[in-house]
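As they're listed, the protein sequences go chains A and B. To get the working numbering, take the position in the first sequence, counting from 1, and add 85. To get the working numbering, take the position in the second sequence, counting from 1, and add 6.
Since the hints were made in silico from the structure, they are not lab data. Mixed in with the good hints there might be a few duds.
[Claimed, not checked] The calculated lysine-lysine pairs, modelled on BS3-like cross-linking and capped at a C-alpha distance of 25 angstroms, are: (1) B:Lys72 x B:Lys26; (2) A:Lys87 x A:Lys152; (3) A:Lys183 x B:Lys26; (4) A:Lys193 x A:Lys152; (5) B:Lys20 x A:Lys183; (6) A:Lys87 x B:Lys70; (7) A:Lys152 x A:Lys127; (8) B:Lys47 x B:Lys61; (9) B:Lys61 x B:Lys20; (10) A:Lys183 x B:Lys61; (11) A:Lys152 x A:Lys141; (12) B:Lys72 x B:Lys20; (13) A:Lys193 x B:Lys47; (14) A:Lys193 x A:Lys127; (15) B:Lys61 x A:Lys127; (16) B:Lys47 x A:Lys183; (17) A:Lys183 x B:Lys70; (18) A:Lys87 x B:Lys26; (19) A:Lys193 x A:Lys87; (20) B:Lys70 x B:Lys26; (21) A:Lys127 x B:Lys26; (22) A:Lys183 x A:Lys127; (23) B:Lys26 x B:Lys61; (24) B:Lys20 x A:Lys87; (25) A:Lys141 x A:Lys183.
[To be verified] If you want the footprint, here are the derived chain B segments under chain A, 3+ residues with CB under 8 angstroms: (26) 50-64; (27) 107-119.
Think of the CB as a built atom: it goes at the ideal place given N, C-alpha and C, for glycine as much as any other residue.
Single-letter residue listing:
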Amino acid sequence: QKEVEQNSGPLSVPEGAIASLNCTYSDRGSQSFFWYRQYSGKSPELIMFIYSNGDKEDGRFTAQLNKASQYVSLLIRDSQPSDSATYLCAVNYSGTYKYIFGTGTRLKVLA
Amino acid sequence: GAVVSQHPSRVICKSGTSVKIECRSLDFQATTMFWYRQFPKQSLMLMATSNEGSKATYEQGVEKDKFLINHASLTLSTLTVTSAHPEDSSFYICSASGGITDTQYFGPGTRLTVL
């Protein structure tokens, strides 16, 4: 069974620090990896996606993918209280358009 | 770009009635749309996947006769909750993907309360 695992948290970091969120997945056939942010009571919004091994940067966010170790991470630099939310990792497998979602990590950025 | 809308954003209905939720991709053609349900403090649960012009594919345990999905065009999918009951109260979210990437863009969600 294909699985995506995340630590549920909460992960608490002080304002201005780097928040590091991790996600592991079970199936080596995984092709695409996504990070979404979900505020309480709202729907998920796309932060970024990554397809290839290595780092991908977009503003304060960096996604890191290591297919050999089957993990993907999201770094948030200069964390702000407005970054406090649940971060969902999603994995798409070859041959299907469906995502497998992790249960999400709740991030708290303390002012 | 990649904007998905949902209507209504919130609906309250009596037990036994049917509720229709619309999902539209506003600035791209969505070849595939997805319907999710989320209960409080839980993760997203995929209900079904729909492709334009074909029948929806439902996930195991989701009643296809209760949750009717129609994907009539490349920009519109509808979910009808038939004979709604209080246990159907939840946050229903659609997403859409299209083009050459498999990225899903989510609508703002519909909060359904069945009395």
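Item checked: Hints violated by the structure (numbers, ascending) -> The structure breaks hints 4, 5, 7, 8, 9, 15, 18, 19, 24; every other hint is satisfied.
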